[in-house]
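S.K.: The listed protein sequences derive, respectively, from chains A and B. Residues 82 to 335 in this note's numbering are what the first sequence spells out, letter by letter. Residues 36 to 504 in this note's numbering are what the second sequence spells out, letter by letter.
Please keep in mind that the hints were generated in silico from the structure rather than gathered at the bench. Just so it is clear, CB atoms sit at the ideal spot from N, CA and C, and this is done for glycine as well. Be aware that a few hints might be false.
[Stated by the list, open to error] Each pair of labels, with its calculated beta carbon distance range: (1) A:Asp304 to B:Thr330: 25 to 31 Å; (2) A:Gly258 to B:Asp365: 17 to 23 Å; (3) B:Ala468 to A:Ser285: 48 to 54 Å; (4) A:Asp112 to B:Ala342: 39 to 45 Å.
[Stated by the list, open to error] Under the rule of at most 27 Å between Cα atoms (straight-line distance), these lysine-lysine pairs were calculated in the DSS-like manner: (5) B:Lys231 to B:Lys483; (6) A:Lys192 to A:Lys274; (7) A:Lys115 to B:Lys483; (8) B:Lys483 to A:Lys213; (9) A:Lys274 to A:Lys333; (10) B:Lys231 to A:Lys113; (11) A:Lys214 to A:Lys115; (12) A:Lys213 to A:Lys113; (13) A:Lys214 to B:Lys60.
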Amino acid sequence: MKDSLGSVQSLLVLGGGSDIALATARRLAQDKTKRIILAGRPSERMEAGADLLRGLGAEVRVVEFDALEFAGHDDTLAPLFAEGDIDVVLLAFGVLGDQAADERDPMAAAKVAQTNYVGAVTSSLVVAEALKKQGHGALVVLSSVAAERGRKDNFIYGSSKAGLDTFAQGLGDALQGTGVHVMVVRPGFVESKMTAGRPKSPMSTTPEAVAEGIVDGLRRDADLIWVPAQLRYVFSGLRHLPRPAFRKVVEKQA
Amino acid sequence: MGTDPAVVPGKQWEVAAVPQPRREKLTGWGRTAPSVAQVVRPRTREQIAEAVAGAGPRGVVARGLGRSYGDPAQNAGGLVLDLTGMNRILGVDLDQGTVEVEPGVSLQQLMQAMLPFGYFVPVTPGTRYVTVGGAIGCDIHGKSHHADGSFAQHVLELDLLLADGSVRTLTPETEPELFWATAGGMGLTGVIVRAKLRMMRVETSRIQVETQRVANLDDAMERMTLTDADYRFSVASLDNLATGPSLGRGWVESGNFATLDQLPEKLRGNPLAFSPKPLAAMPDVFPSGLLNRRTIRLMNEANFRRAPKDARPHLATIGGFFHPLDAIHDWNRVYGAAGFLQYQFVVPFAAASTLRRIVERVAVQGAPSFVTVLKRFGPASPGYLSFPADGWTLTYDFPTGTPGLAGLLRWMDAQVLEAGGRLYLAKDSRLDAGDLAAMYPRLEAFRKVRAEADPHGVFVSDQSRRLGL
Ligand SMILES: Cc1cc2nc3c(=O)[nH]c(=O)nc-3n(C[C@H](O)[C@H](O)[C@H](O)COP(=O)(O)OP(=O)(O)OC[C@H]3O[C@@H](n4cnc5c(N)ncnc54)[C@H](O)[C@@H]3O)c2cc1C
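So that you can see chain B by itself, here it is in the shape it has in the complex (with noise of 0.2 Å):
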């Protein structure tokens, strides 16, 4: 009972219950070390307020839909909130192209709601089944990231609940630091109880996507250098295990919202159509191992045959080209009980020989990566833990089974930290402590914020003791 009802405005106090906690093993969607906590899903803020007062010593840290790859929504021994209970959009202004909403809304809910008004989220991931919460909390970026910033870049405002229970209301220009703390800051600074987004406006709910086949990396990286001014939305897919002349061989996708005039006649009756089909469900019944070099290699070469070799537009639709994988709900599972990680980093352009070294040796040891996605930054956010710089970002998803891996990472975090580039904490699972601070220049300054904002150190995760965030 920390709260000040004074904070609540517009609100009659009153107290209500806190659901029973429940007791959960949890892990991240990669599906490694698993923890269990004590698990409360509020659905309010002073439920999330009596929450945090009564979080023991080991502390509290929200959580959204759990996208996030390794450990920063789970905590050991503690609590856990589940926000996906508060998933109520509180207010849309469509002229100005803005909405509010709770924390659990997710992106997926957002696009149901505002594309018939024309308006699409500012800034998507590979998946919609993201929260609002987890997307500022880990400030995450899209295909878009070198036309439009990272998610918190598009955040007005923002209400925090602090460790003492007050709400705070944070933006860019009245609290930048904790606002750019909290941005990116994996929930360590408080809990995201509403945020005021400035949507993006569309003309249509289709993509114009040009997809062209790249002989190898060079070829991938050229196009999408001389390409990235003309298309918002860009990402190359490389065949990882593709070596000599092939390295880095695959496909290079680009694209535009289509306006109304490229919609062909049969769809322009509802040009802003969005019906997400539900999904079917992956059962939870595969070895780990199933995903290794040999089936990798074979799906490889299929999908880059199925690359058309010259750039043909085509449309497609939102999902089909933002979140191929929401088409199989727990598409998770099949990397079996082992589980596995994701790998992204980023370097600085002028690192290109650095990136080119790593997709060689990967490719030579011939670890087995299901997705591996090349993607041009744009300028970094203010956010102080933020993941998106300048340069060249790869993305690896390798099962965690792969034989020699663990030494082969540890060389891939070497190459990153000498290119002057980093980790994304929102896939890490496993990075040093040490390497951490030395690619997040700004980690210092972070953590004097959060110190300000949390005394206590009422907020931690996994993920914030394993890296001593």
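Just chain A, same shape as in the assembly (with noise of 0.2 Å):
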């Protein structure tokens, strides 16, 4: 249980090997989260992830989860509810791709927009049938900006991620009265392992940044939270742009 103070005891990661989400399993395991499950592909990043978590006090379980093996889910993750009450489960796996590649090789474009997109439905499901069994928690689903508006340079991971926002808010929605809480997160541009190289953008932001955002989103109960937080401001401008005008904003940018 979530306690009276927004401190949540139990955490569950679809994506354990992700900087973001490893971030706020560090912050929430300062806190009072002791009880943590990393869910993701085998890798020595979440291996020794779960090693600092456990190095913070925290009980650590590193399970085998893969966004693409959608019939699987529900075998991998159902049960993981049974071992006692998950309050926040924190879905963060995503991949970037390479878009000017991807757009000469669609069948790599598909697999982005299977795992940011089916991947994450079909786990948002059985994670919230679960929650909604258990009469209460959080579901925290990392989207991006780039889902607010399609823009040349990566439209097919926004575009992923862009359904992946709308399921969200629309599941959060569905959820409400039972108990369970879906929160959507719109970082900026994040500088982590799957940005590296990249030129920075003006409003970028940080792992910790990121993850201090999600707890205290949590603590709010919020809907939906941008990082930094300036971000819903700019994009509250930018959302009514007509397109050319963005583009040209776009391109001042890059």
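Grab the two chains, each in its own frame, and use the hints to assemble them into the complex.
M.R.: Here it is, written out as structure tokens:
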């Protein structure tokens, strides 16, 4: 159970090797989260992350989970809830792809879409059902500012996140009254392994800042958070900008 | 249908249909950490037995009037039995001064029924809106703990409906273990379906009260220590934001039930009058953060000035003395949607320095508390998880949005623990499981009795999951 100050006791991460996920898990473990399950494709990164969390006093389990194995999501995830309540599920997996290359390789593009959208849909639904039975808990879904408007340099990734973002919003509404809360997180450009080597954008952020935003949003039961928070205002302007003007803004930024 | 008809003596067995459960979002009085459960409002013990038998994998817990601050009367994803529908007074013995009730009878109801005969409830907390079931489940205390002990110490007998649907009659003499695991057991041993209480004899329904302003914490403690023996009821209210030489300033209220000849002429005609006013309801419109450091500082100042410098005796009503907050229904809404939490601890008398350290740190940090109450407890009750024990008990009411609150409270937990003290489960909403085990040395013994009474863990609550009780 989340306690009266919004601290959570248990966490399940889907995409346990993600920088944002591990930063969030570390941040929570420093507070009161003592039971953590990292689910993801086996990697040294995830194992190292698990060790670090154990060092913070958490009891950590690593579980094999592949976003692309849609059919197996129920069997992999549902049993995790039988071992004890899970207060927060963080859906953090996703791939950025290589826009230019993926445009020439539709199958590679499909993989981005399948991981970021389809895999997220199947796993979220399994998790949502389990949380509903539990009568409490939060599902945190990592979207992106790229979900807000399509742009030529990342529309494959962006559209997959847009699908996920819309899905998560609707799921949150569908879960009203069940005790389950869905929070969509839209970080700006995050400096992480995923974006290493890419030029930084003006409103770039760090995994730690996103983690901080998530913890704060969970306390407030927020439906949607932006990191950095100012992005909300930037996008409330950009959202309705006519396309030609939007293109110009993007050009200038690049 | 796990019930054996033979266990319901004197009653024709019939299958009463369990009322339909409703899905509801529940919180405690502090309005934090909501969870959703199926809520059933049974009217008979047969219905309770049937509901308990049909509880799914998430189990079941009893709920009274939901006046616990945290999460002991909620059960996410499972079943919650709202017992407020079982509110009949089953029998009264005026010679013995005893009363038999169903678990959902509220203390207000008991006062209304029994005061005309010169009987008051044995122990009353700061609100009349608690049920007898909840009062036993938390083994509550009042301003008279040093004189009267806790609520369960006045329970002569209770019927407990167990996980298998059977009902067992428990007395402290015949089944001390299960009785004292149930008293203060936070609803985790079974459902109390009947209780027989010893009431307190009173001549009038007024309390002869002395209120005295105290300049600081030392003053308050000294006065309470010196006068404890003279008064059945005593309590100090502190201005929790005052610092320096005024640290812990406030006022001490001490009182006894007035005797007939202490009443003025005009009240003697109806000395046992008790007419709780219909409540004004608090609208649910308050923004979180309305009660903050600034507003509470102002209120503290006003309250302190209002308290007389010298003890002046005056007569107070039951409501005015014991339950001032009850004058307004749903007053917890003043805290806004973010809610609040109550932090109540006890430390042994020898640890007065810990008490002082805590009062000081809270004041210096400036964490606003709407009510800050200091009391002296008498000897502990035999309840395995009962809270009161010889020592000082202090209660704070903090809005959850207070900056730095989590860190402050953790520091307080550590202080309390080190001093050999503990926190009150009826108020708890955030304690660490490990700290709880250290605070309650009889937890293991409780677990053993509970495991025997409920081997499959049918009775669970959000609190029991959170704390691994
Ligand atoms: C304004 C205010 C002032 C207060 N002052 C005091 C005080 O001075 N001293 C003090 O001790 N407490 C105080 N309290 C706390 C209150 O007295 C307790 O929380 C009390 O238990 C609430 O009773 P309830 O009927 O609302 O129980 P609930 O909060 O609904 O339930 C409390 C617990 O009892 C269990 N329970 C309820 N009914 C049954 C049953 N039939 N069988 C088995 N278990 C059952 C529940 O499962 C739960 O664990 C105060 C609360 C408020 C709001």
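S.K.: Given a hint of 25 to 31 Å, does the C-beta separation of Asp304 of chain A and Thr330 of chain B actually sit inside it?
M.R.: Once the Cβ atoms are compared, 29 Å apart, the range 25 to 31 Å for Thr330 of chain B and Asp304 of chain A holds.
S.K.: Is 39 to 45 Å respected by the C-beta to C-beta distance linking Asp112 of chain A and Ala342 of chain B?
M.R.: Between Asp112 of chain A and Ala342 of chain B, where Cβ atoms are some 40 Å apart, the hint holds.
S.K.: Need the status of pair Lys231 of chain B, Lys483 of chain B: alpha-carbon distance at most 27 Å?
M.R.: Given pair Lys231 of chain B, Lys483 of chain B holds - Cα atoms ~26 Å apart, limit 27 Å.
S.K.: CA of Lys483 of chain B to CA of Lys213 of chain A, is that 27 Å or under?
M.R.: violated, 32 Å
S.K.: Confirm or reject the claim that Gly258 of chain A and Asp365 of chain B have a C-beta distance inside 17 to 23 Å.
M.R.: holds, 21 Å
S.K.: Between Lys214 of chain A and Lys60 of chain B, is the straight-line Cα distance small enough, at 27 Å or below?
M.R.: holds, 14 Å
S.K.: Hinted pair, alpha-carbon criterion (27 Å max): Lys115 of chain A, Lys483 of chain B. Please report holds or violated.
M.R.: Given pair Lys115 of chain A, Lys483 of chain B holds - Cα atoms ~25 Å apart, limit 27 Å.
S.K.: Holds or violated: Lys213 of chain A with Lys113 of chain A, Cα cutoff 27 Å?
M.R.: Between Lys213 of chain A and Lys113 of chain A the Cα gap is close to 23 Å, so the pair holds against 27 Å.
S.K.: Does Lys115 of chain A lie within 27 Å of Lys214 of chain A when you go C-alpha to C-alpha?
M.R.: Status holds; Cα separation ~22 Å.
S.K.: Straight-line Cα separation of Lys274 of chain A and Lys333 of chain A no greater than 27 Å?
M.R.: Given that 27 Å is the threshold and the Cα spacing comes to 25 Å, the pair holds.
S.K.: Holds or violated: are the alpha carbons of Lys231 of chain B and Lys113 of chain A at most 27 Å from each other?
M.R.: Distance of about 42 Å is beyond 27 Å: violated.
S.K.: Next pair to validate is Lys192 of chain A with Lys274 of chain A; report whether the Cα-Cα distance is within 27 Å.
M.R.: Roughly 19 Å separates the two Cα atoms, so the pair holds.
The structure does not agree with the numbered hints 3, 8, 10 stated previously, though it agrees with the rest.
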